[in-house]
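Start from chain A and add chain B according to the hints.
As you go down the protein sequences, you meet chains A and B in turn.
Sequential numbering from 1 applies to the first sequence in the UniProt record's numbering.
Sequential numbering from 1 applies to the second sequence in the UniProt record's numbering.
When chains are identical, the list treats them as one kind, so a pair holds in a single copy or across two.
Dumping the calculated EDC-like pairs for lysine to aspartate or glutamate here, alpha-carbon to alpha-carbon at most 16 Å:
| # | residue 1 | residue 2 |
| --- | --- | --- |
| 1 | Lys114 | Asp77 |
| 2 | Lys120 | Glu88 |
| 3 | Lys288 | Glu311 |
| 4 | Lys482 | Glu433 |
| 5 | Lys288 | Asp204 |
| 6 | Lys307 | Asp173 |
| 7 | Lys426 | Glu478 |
These aren't lab readings, by the way, just hints derived from the structure by calculation.
2 protein chains.
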Amino acid sequence: MEKWRAADRLLKFSSRFASGTKLTCTIINYDHTHPLVSECCFFPIPFYCCKSKQGKYFYSVATTVHRNPLFSIISPDDISYFKTLLGERGVVQDALALDAANTDWMGKYRGSSKLLLQPKNTEEVSQILKYCNSRCLAVVPQGGNTGLVGGSVPVFDEVIINVGLMRNILSFDKVSGVLVCEAGCILENLISFLDDEGFIMPLDLGAKGSCQIGGNVSTNAGGLRLLRYGSLHGSVLGLEAVLANGTVLDMLGTLRKDNTGYDLKHLFIGSEGSLGIVTKVSILTPPKLSSVNIAFLACEDYTSCQKLLLEAKKKLGGILSAFEFLDSDAMSLVLKHLDGVRNPLPPSIHNFYILIETTGSNETFDKENLEAFLLHSVESGLVANGVLAQDINQASSFWHIREGLPEALMKAGAVYKYDLSLPLEKMYDLVEEMRVQIGPAAKVVAYGHLGDGNLHLNISAPAYDDNILAKIEPFVYEWTSKNRGSISAEHGLGLMKAAKIHYSKSPETVRLMIDFDYCVFELLPDTSCLDDNHSIICLCLSA
Amino acid sequence: MEKWRAADRLLKFSSRFASGTKLTCTIINYDHTHPLVSECCFFPIPFYCCKSKQGKYFYSVATTVHRNPLFSIISPDDISYFKTLLGERGVVQDALALDAANTDWMGKYRGSSKLLLQPKNTEEVSQILKYCNSRCLAVVPQGGNTGLVGGSVPVFDEVIINVGLMRNILSFDKVSGVLVCEAGCILENLISFLDDEGFIMPLDLGAKGSCQIGGNVSTNAGGLRLLRYGSLHGSVLGLEAVLANGTVLDMLGTLRKDNTGYDLKHLFIGSEGSLGIVTKVSILTPPKLSSVNIAFLACEDYTSCQKLLLEAKKKLGGILSAFEFLDSDAMSLVLKHLDGVRNPLPPSIHNFYILIETTGSNETFDKENLEAFLLHSVESGLVANGVLAQDINQASSFWHIREGLPEALMKAGAVYKYDLSLPLEKMYDLVEEMRVQIGPAAKVVAYGHLGDGNLHLNISAPAYDDNILAKIEPFVYEWTSKNRGSISAEHGLGLMKAAKIHYSKSPETVRLMIDFDYCVFELLPDTSCLDDNHSIICLCLSA
Chain A
1 MEKWRAADRL LKFSSRFASG TKLTCTIINY DHTHPLVSEC CFFPIPFYCC
51 KSKQGKYFYS VATTVHRNPL FSIISPDDIS YFKTLLGERG VVQDALALDA
101 ANTDWMGKYR GSSKLLLQPK NTEEVSQILK YCNSRCLAVV PQGGNTGLVG
151 GSVPVFDEVI INVGLMRNIL SFDKVSGVLV CEAGCILENL ISFLDDEGFI
201 MPLDLGAKGS CQIGGNVSTN AGGLRLLRYG SLHGSVLGLE AVLANGTVLD
251 MLGTLRKDNT GYDLKHLFIG SEGSLGIVTK VSILTPPKLS SVNIAFLACE
301 DYTSCQKLLL EAKKKLGGIL SAFEFLDSDA MSLVLKHLDG VRNPLPPSIH
351 NFYILIETTG SNETFDKENL EAFLLHSVES GLVANGVLAQ DINQASSFWH
401 IREGLPEALM KAGAVYKYDL SLPLEKMYDL VEEMRVQIGP AAKVVAYGHL
451 GDGNLHLNIS APAYDDNILA KIEPFVYEWT SKNRGSISAE HGLGLMKAAK
501 IHYSKSPETV RLMIDFDYCV FELLPDTSCL DDNHSIICLC LSA
Chain B
1 MEKWRAADRL LKFSSRFASG TKLTCTIINY DHTHPLVSEC CFFPIPFYCC
51 KSKQGKYFYS VATTVHRNPL FSIISPDDIS YFKTLLGERG VVQDALALDA
101 ANTDWMGKYR GSSKLLLQPK NTEEVSQILK YCNSRCLAVV PQGGNTGLVG
151 GSVPVFDEVI INVGLMRNIL SFDKVSGVLV CEAGCILENL ISFLDDEGFI
201 MPLDLGAKGS CQIGGNVSTN AGGLRLLRYG SLHGSVLGLE AVLANGTVLD
251 MLGTLRKDNT GYDLKHLFIG SEGSLGIVTK VSILTPPKLS SVNIAFLACE
301 DYTSCQKLLL EAKKKLGGIL SAFEFLDSDA MSLVLKHLDG VRNPLPPSIH
351 NFYILIETTG SNETFDKENL EAFLLHSVES GLVANGVLAQ DINQASSFWH
401 IREGLPEALM KAGAVYKYDL SLPLEKMYDL VEEMRVQIGP AAKVVAYGHL
451 GDGNLHLNIS APAYDDNILA KIEPFVYEWT SKNRGSISAE HGLGLMKAAK
501 IHYSKSPETV RLMIDFDYCV FELLPDTSCL DDNHSIICLC LSA
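If we strip away everything but chain A, and leave its shape as in the complex, we get:
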């Protein structure tokens, strides 16, 4: 351990000296305790690339990963210990189950873990981490494994800790709307539970059937309701988390307001599991409103989309709950690859499509309000065509177009996915410039949460191709950085973008993050084993 600590410190301070130096070789993961320390290379490392199912390198050439030899290899004694702690059922070594847990949803990232642990409560999580820490065994927390940035699967042979058995709802207060539950609860189950109580989750996303609330919180998942209900930083009231040395941090408040000291829970929201494993969550849920209306519209240019958003915020301010967009390439893709989907606005393809959802408490008024808004938008020329869902089936079919896009892209072949926040007025410029940059080799498909300034930029090609990748990166990151955007709006950094943080965060801020991590480690002197880089319970799926 001492050697490890010494290496940590060397790294820490060397990274400071190296600040301002240009990247020569980017290393992430094991060779550094912290993924953010990625700006300098201390010793020569053999070139190593993981291969995806498709046999292509899935990282950019500059980003390679290496197993840190300081981490131990799992021994039979370790297995015995875990079996005593968790029972036979909690210790999974079955090849099929391990294969699934080692591979991400896209089949793009693949680890080689030999051990999956399934704790049933916080105490077991604490004991697992304490033991791994003492044995210097690397761990990766995993939830629903729905992430898109290589954050939820092992890279090498880490112990996978899945909190999926921790799925109890602990309390629900009907007056305050505060739900307290264990981290392994599947989002869709929480949505169903609340539905019966007359409430909804402030969070909804395409992966709701698999993703877990602990993972949602750990990755600060965004999704479809952020426009209305804000981010998890606003709605998560409390957390319980286990630090790498096994310390249980009780921050499980259920109060809407609490100004007593630093609000540390926010550090765990979106830190992708690198500071600890979230085990319980307390979240403020809004009452379910009875009246939901959905419109599907077409605009001929991006300027109209922006103006429509502004108008919608003004005219539908109180009830607007979603403002999603897709471009014509996205619509064509869905129509081609998803069974049973039809364009609600036939026959021609328009340049842009907008899905607007309102949620309120008065069916008659809300519908009239939305109809008046649509009429006015058509008359003023902002909207070329539009239709209001007449029943729940039609409403679902509208949402299916938007939510089916990730699946359609997977069916279309290889896909390079980028999840960007950009100033609204610049957002579509990137899409157009990317089309010029890529040429005819691949299709550039754009959709996303326009109301939140969040673009999902997808480059769809017949197969993965390094020449295409070289045209996308670093162009997409540089463009985003130049326009003060974020290279990860809601997906997180994961393995894919850990080394790219400098495109979105200032050097002083990154240095503070590194120091913070050391702060946590200093609290826990024997704790450098947590696999920082990709230890993400569950990433939010491109929603």
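Showing chain B alone in chain A's frame:
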């Protein structure tokens, strides 16, 4: 500096060893680098008590403060340096101005600073802090000085840094609603600016005419709109802050979503200036909605108030923007001490009064909706009586009752103020138990943001009296802690409650806060001068 650092470390680790030990003597402020390290006493310290204007001790007996002799005394050379840096106007030594800056709004906390600095931009803030750090001069950031917990004024002779001259609005984006401004902007000026643009601040509070946005953010001010628009953790999109060694931390993003690394800005929101001085703020502002309706109601018991809140959330969910309450003692106090105020529901005094505000986009529907809700509430027996404001003057008069309470309390004599978050169903139990506890010596007056679970508990007496204080504390903190409440919902800890943090936060969490502070200090090896304990730019007033 080395000696200082060594003392820091001793303190840090000793505090760990002392965890679990019972408080014997509570020290806050200078004798410890960090206010949170308040659980043990390392060396004998002469007893010292500050006296308020009224000549009474304003801290509880166990809480005393001492000037740390390691801090330097301001010299003529220091004054010369600051005059060169800021010009004559930026260096205030005038007795009258210093007296105002040394005294808090309630006249309860009083420092003896000899120097008030007024930087005009971030660079000057940075230079001031860098210099103070190198000279080991203690500083206290101050904004509108409207705080209620002794956080915004010096305790001894700290240099006061007031960012009130940094009051430029830097940008406003009408599509996204993102406002970027300097920290010294007065909240009311921002509200006026946005009003012209068709937007509102997500934050409103009684002190808006004086308090500054940097202070609001630093103290995570709550106020009147939290029910609708959530806390500043949700609406602040970015910050610029200057750390104690002068490092400028650019976290001034304007994006709604950004998941790239730890979201460090949240540490500055509510850290009461102890980690750095906020110099710029980027905030998401909602569109102004045209229709505002206000009702003033009476309930006969607290259970009805709770049920009414639940009903309001369900029936007015989309448009509910405030749900405030006051009890009969609060109403009597306002009627007695504020000129021109009358009870909208005469002639008798009811047990509880509720102010409900809705904000929506359709005047006709919203009014009908609120009327129907009121009618139903009266019919079901939840509401004893009620009135809907017929014009803006009547609406203002309703709000004046609620907002005028702090002023009425000040006029009534001495007041002990407590700002608590409590589980809704328990909230009023505390008020009733406190009445039994205090007896006839003082009046217990309760009001607050019922919709947020935030009680403002006030004990109003003819004069400050240690016997009364002894009946209130630690009873009020113990009761709150026992019921998993927060001893500071929105006012912050300040000098008043820094040593009380353990009532609301677990030992592990407090220890992490301490370690985090050291992390920041380790980033800045020469930085222990920042006056951690009470360095709050501007506390939110009891709104």
